[in-house]
Amino acid sequence: MLELKNLTINVSDKTIIQNLNLKLEKNKVYVLMGPNGSGKSTLALTLMGHPLYQIKSGKILFEKKDITNLEPDKKANAGIFLSFQSPLSLSGVSIFSLLRTAIAGRKDPLILKEEIEKTAKILKIKKELLERSFNEGTSGGEKKKLELLQASVLNPKFLMFDEIDTGVDVDALKTIAQFMEKNKKGKTYLLITHYNRILKYVKPDVVLVMINGKIVKQGDYRLAEEIEKKGYAKL
Amino acid sequence: MQNSNLNFDYKFGFSMPEKNVFKAKKGLTKKTVEDISSLKKEPTWMKEFRIKAYESFKKRKMPAWGANLSKIDFDDIYYYIKPTEKQVNSWADLPKEIKDTYDRIGVPEAEKNFLSGVSAQYESEVVYESINRELNKRGVIFCDMDTALRKYPKIIKKYFGTLISPHDNKFASLNSAVWSGGSFVYVPKGVKLPMPLQAYFRINAERFGQFERTLIIAEEGSFVHYIEGCTAPIYTTTSLHAAVVEIFVKKGARVRYTTVQNWSHNIYNLVTKRATVDEEGIMEWVDCNIGSGVTMKYPSVILKGKSSHGEVLSIAYAAKGQHQDAGAKMYHLAPDTSSRIISKSISKDGGRTSYRGLVSVSPGAKNSKVYVSCDALIMDEQSRSDTYPYMRINEKDCEVQHEATVEKLGEEKLFYLTSRGIKKPEAETLLVNGFIEPVVKEIPLEYSIELNRLIRMEMSGSVG
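If you read the sequences in order, they're chains A and B. Following the working numbering, the numbering of the first sequence begins with 1 at its first residue and continues without gaps. Following the working numbering, the numbering of the second sequence begins with 1 at its first residue and continues without gaps.
In short, the hints are calculated from the structure, not lab data. Since the structure is predicted, the reported quantities are computational estimates derived from the model, not experimental observations. Don't take every hint at face value.
Stated by the list, open to error - Cross-link-like lysine-lysine pairs, in silico, BS3-like; alpha carbons within 27 Å at most:
1) 65/A x 28/A
2) 413/B x 157/A
3) 14/A x 413/B
4) 25/B x 59/A
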């Protein structure tokens, strides 16, 4: 699905990630763990094409195609999705108009509306949140659910969830896990997290540990349990 | 949409051959003013009113503040053109060129949908007018100003020029001297009109200034929503639009006046709009300025009756070469009055917007409430936005709130939207339409769709 070859990423001329090599496969759930500032979000934002993150060298291959320098909208349309760590608000723009613009021409707006409403119901998102300004006056949990709603409607192949488990209650956590379970086939997930909390509900295939921009350890779900007990220092 | 870097790419930038019955000479003299009045067979008082206004216009200097008006050449303008000999009442009776012009801006289509009363203005005379029978039945008068002066001389004499005197400002003087066309609306006591009254405007003569004059009287407890939308063809030289609008809101009445202004970019749009509101009355101006090269317009509300309310909701959009100097004026003269000003401005590609507002609370206007909010969105480094909020508060017992924000179009917001598969220009349009949404939602649906479409067109025109 996704392959990183010798990827070096700078933010305002400071190297955050150096010579990263990584291969993520289809139908698998990956968890990326690591202490604050280790470069996890940098990686996710770079893969999505954030203009402030400069790729100094290396390549990003998505389904064997070079997408290293693609614009964010083209990456999104190729099937890459990022659930943001702290999604911002957009005044005067509803999730309806956001998705209508994103899907423009590919789906009948009325069918799209029905789909959004149906998905919102499954995700237990209050109907009024769909009409009003995106993320204005919404709780942390609702924000994360609205990210999930977009993931569902846009139906990407590679999904990055940056701390989707922070600021949410157990119910929301279960909803997120159920969503992933149902939409696993043919997809790749990259969960970025600090904690084990979500791992009670989602069983990852691979756990990756990132420290100072490098993947220092890789293992199965038991690695996450080990980190919970002993912390990163012992690795 | 096609773009050209050399000319303003204006969607309605076409010009039909002129077919005029009478065209006054270029430039303005006392004789021209007298001729206009004689030609219209006006009563003596109106002729005198025009001449007084003309004297004032001659004496007054150009405003020393606001936008740059130095390129206006008053000697290079036609002050009166009469396009057809008689008024026509149906679409079929209109001359072909005029029909073609309207076809292009889509008037008949809009009418088919649900326009109940269209008073369309072609050049300086209203030539096409379809008045809903329902209006007449309920005693509502909706006609062009020239007809109103002929048919209802008493009421016109009572109100005309009493709110905006012919000596008010240079451009009000000019309008008072040479006015032609515009609308007259009279709503009797207790009549509430469920459908808006709409007028389409169109200028089609080079160097021809349009000086329409509108007067609205809403009697006690009545309600009317008046909408004006303008499109104008492109010119090779500058053109002037100096209108005057006077509105009288009686006790407990409510008037809403919506403008969607999209003149071509070589037009000077200098308009004086004022309303006076009696006890418990409500006046609302919804003012959207997308087009014209220069706009100077500050809709005013005089809250003279106890518990009266005034609003000005406005949108200004300035692209390359445009300066929108717009705002609002609120005069609180009585106790328990309230007002709300919401201004949203967008500047792009070197465009300039200025918010210029005055709020005045007079001694004795106790328990008055004022809310002013002006937000400016600047799309790039070349563009500019200024805010000039004036407050004259002479009463202690009142509540005044003022909020102002200036924001640059956020990179993070654009990234968020593009990460969902939205192209950058579309993401910008989405954010801009979101920014003006609080005002747009106050506009009837077909106009807000039009407005959003205009903005999208303006935005994509300069990006692609």
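Violations among the numbered hints: 4
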